[in-house]
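Novice: Sequence:
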Amino acid sequence: MAATLTTEQREKLAKAIIHKPPYCSGILPVPQEDLVIFYGKGKEGRRLDVTHASSDDLQHLSQTCEAATFGMDQEDVLDETYRKAGKLDSTNFAVKLDIDSLGLFEAVRSDLLDGRKAQENVHAELYKLNVYGEGSFFKSHKDTPRSTKMFGSLVVVYPTAHKGGALTMSHEGESWTFDSGEIFAGHNDARIGYVAFFSDVDHEVTLVESGYRVTITYNLYFVDSPVHIPLAPSISPAGKEFKSAFLALLADPTFLPNGGHLGFGMRHVYPLENKPKGKDVLRYMKRCLKGSDADVLRVCKELSLKVELNIMFKDRGELVMLPKDPKLEGKQLDMDDGLCEYLCHRYKARLVGPPGAADGGPKKMSRYPYREVDVELQWVTSLTELNIQKSSFIAYGNQAELSHAYGHIALIVRVGKLGARTTRRAVTSDPSNTVGHDNNTSSTAMPPGSSAENVGGGQQTAAQPSDTTTSVQPQVDVGQIPSAFTVSQVGAGVDDGEAGPATAPPTVAAKPTTKGRLGSQAANPDGTLARFTRDWKSLSKKARK
Numbered sequence: 001m002a003a004t005l006t007t008e009q010r011e012k013l014a015k016a017i018i019h020k021p022p023y024c025s026g027i028l029p030v031p032q033e034d035l036v037i038f039y040g041k042g043k044e045g046r047r048l049d050v051t052h053a054s055s056d057d058l059q060h061l062s063q064t065c066e067a068a069t070f071g072m073d074q075e076d077v078l079d080e081t082y083r084k085a086g087k088l089d090s091t092n093f094a095v096k097l098d099i100d101s102l103g104l105f106e107a108v109r110s111d112l113l114d115g116r117k118a119q120e121n122v123h124a125e126l127y128k129l130n131v132y133g134e135g136s137f138f139k140s141h142k143d144t145p146r147s148t149k150m151f152g153s154l155v156v157v158y159p160t161a162h163k164g165g166a167l168t169m170s171h172e173g174e175s176w177t178f179d180s181g182e183i184f185a186g187h188n189d190a191r192i193g194y195v196a197f198f199s200d201v202d203h204e205v206t207l208v209e210s211g212y213r214v215t216i217t218y219n220l221y222f223v224d225s226p227v228h229i230p231l232a233p234s235i236s237p238a239g240k241e242f243k244s245a246f247l248a249l250l251a252d253p254t255f256l257p258n259g260g261h262l263g264f265g266m267r268h269v270y271p272l273e274n275k276p277k278g279k280d281v282l283r284y285m286k287r288c289l290k291g292s293d294a295d296v297l298r299v300c301k302e303l304s305l306k307v308e309l310n311i312m313f314k315d316r317g318e319l320v321m322l323p324k325d326p327k328l329e330g331k332q333l334d335m336d337d338g339l340c341e342y343l344c345h346r347y348k349a350r351l352v353g354p355p356g357a358a359d360g361g362p363k364k365m366s367r368y369p370y371r372e373v374d375v376e377l378q379w380v381t382s383l384t385e386l387n388i389q390k391s392s393f394i395a396y397g398n399q400a401e402l403s404h405a406y407g408h409i410a411l412i413v414r415v416g417k418l419g420a421r422t423t424r425r426a427v428t429s430d431p432s433n434t435v436g437h438d439n440n441t442s443s444t445a446m447p448p449g450s451s452a453e454n455v456g457g458g459q460q461t462a463a464q465p466s467d468t469t470t471s472v473q474p475q476v477d478v479g480q481i482p483s484a485f486t487v488s489q490v491g492a493g494v495d496d497g498e499a500g501p502a503t504a505p506p507t508v509a510a511k512p513t514t515k516g517r518l519g520s521q522a523a524n525p526d527g528t529l530a531r532f533t534r535d536w537k538s539l540s541k542k543a544r545k
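For the sequence shown, full-length UniProt numbering assigns the number 1 to the initial residue and increments by one for each residue that follows.
Simulated from the structure, these hints should not be mistaken for laboratory data.
Keep in mind that this is a model prediction, so the values were computed, not measured.
Take these hints with a grain of salt, some might be off.
What the hints assert, rightly or not - Pairs of lysine-lysine residues, derived as DSBU-like cross-links and limited to a Cα-Cα distance of at most 35 Å, are as follows:
1. Lys324 to Lys314
2. Lys84 to Lys43
3. Lys331 to Lys15
4. Lys96 to Lys149
5. Lys240 to Lys128
6. Lys15 to Lys41
7. Lys128 to Lys96
Turn these sequences into a full structure, and let the hints guide you.
Specialist: Shown next, in the form of structure tokens:
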């Protein structure tokens, strides 16, 4: 019997996904030619290649700037005891950096926004260039919204050498720091740092001790035009927090000691209407996952937990799930026993129940006494109405009628028992496992606590052929794995996105022959295989009835 997830355990896991930090940040490699700034006033102009900029070059940029003001009571105020920095308005500079083509703009939106807000179109308006030289700072403040549509800011930091000048954010008693000087120290490659946050977040720039901190700021607005296909996700702070919370629970002996299944409702809207005709909706969505949904998928794979998208159908008080879209649209179906019973029989859907249902628990999950609960599912985040796959079909019962089925999408994670938590076997590279455009996620099973960077020096571990289990022996620093964790053999199961195999007839050896059809007297002199095939078809036909 699978243990019930406690309220405290569920809240710890859900908090990392639902209560996301009000910001996102990261480092993004860029083409070197994108790190060029054109600036000047009047008829004078200069070109600054940031990657080769000398101290004199940066000093000239700083001297060209005006003293930076800040907003207070809807006014711009100059007070160098509160803010000391230089600024150029957008009319006095231009950059080659294109945050849209780099995928940064879409990554910020998908990480910062959840639910239906993530479907709204967002516009990034280039606002200011700021230079923080030695002795510069900006005390804690909130950004002044420039309109009712403005919801946040995006700060892009150029890779100039500087010490200090960290951006510290605080909100509702929590605080976070993005130290660009420390991040860029010792790196000469072309890269930028970025931080995006909501307008109600307090933030400050700490004192710059040396060098020059050069940034450009974009104001983020909601606009009315619709959004189409989402692009690349970014590495989110929420993903790291979720992984840390999940690792702690997996090491807890009271957390699902016998293993079990966890459900995560989708927190983002996906344009299912844009799905190519005939394409499996789950495979399509897997490539589009973003934000916290992508975090769940990515983290579970890193922890070697089997995770897959499932489509859930509810009918007559029953709930079933399938790892593949049954594609009911336009079909003619015999629905005497209801949709769920049909899906269980025809598509091997699994009947879902709460903890204890499979062991004769208090809640009856099926109207049929011979139907047993296949999966005891415990929801971490609730099944949502954000993504519904509607199918219309002709249902035959007492009479033919037009019917509709509504499939809800969720991520299902299987957790192994204590001491053998891993449930995902090593697999070869599968492009369908790609989340958005992120191609850095290894498809090789990894032990809990490890990551793509620290396993085998970044090399994939090939799957070992076996009928039952696959032993994974990556090069891992055991200090990274909680003491209650053991890296065990991974049971061979069904790969992500594949439906469970239906029961197949036993193999019957046929005598070799150079000609003759399978099942013919020439191929099977004693007729064994032919008789077996007829019997199997007859039994299958009776079972369907």
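Novice: Could you run down the list of hints and mark each one as holding or not?
Specialist: Tested hints:
This hinted pair checks out: Lys324 and Lys314 have alpha carbons roughly 16 Å apart, not beyond 35 Å. For a cut-off of 35 Å, the pair hint linking Lys84 to Lys43 stands: about 27 Å separates their Cα positions. Between Lys331 and Lys15, the direct Cα distance comes to roughly 41 Å. Violation of the 35 Å bound is thereby established for this hinted pair. A distance of roughly 26 Å separates the Cα atoms of Lys96 and Lys149; the hinted pair therefore holds under the 35 Å criterion.
Note on Lys240 and Lys128: the hinted pairing holds, with a Cα-Cα distance of about 31 Å set against a maximum of 35 Å. With a C-alpha separation of about 49 Å, the suggested pair Lys15 and Lys41 falls outside the 35 Å cut-off, and the hint is violated. Proposed proximity of Lys128 and Lys96 is supported: the alpha carbons are some 15 Å apart, at most 35 Å.
Hints 3, 6 from the list above are not met by this structure, while the remaining hints are.
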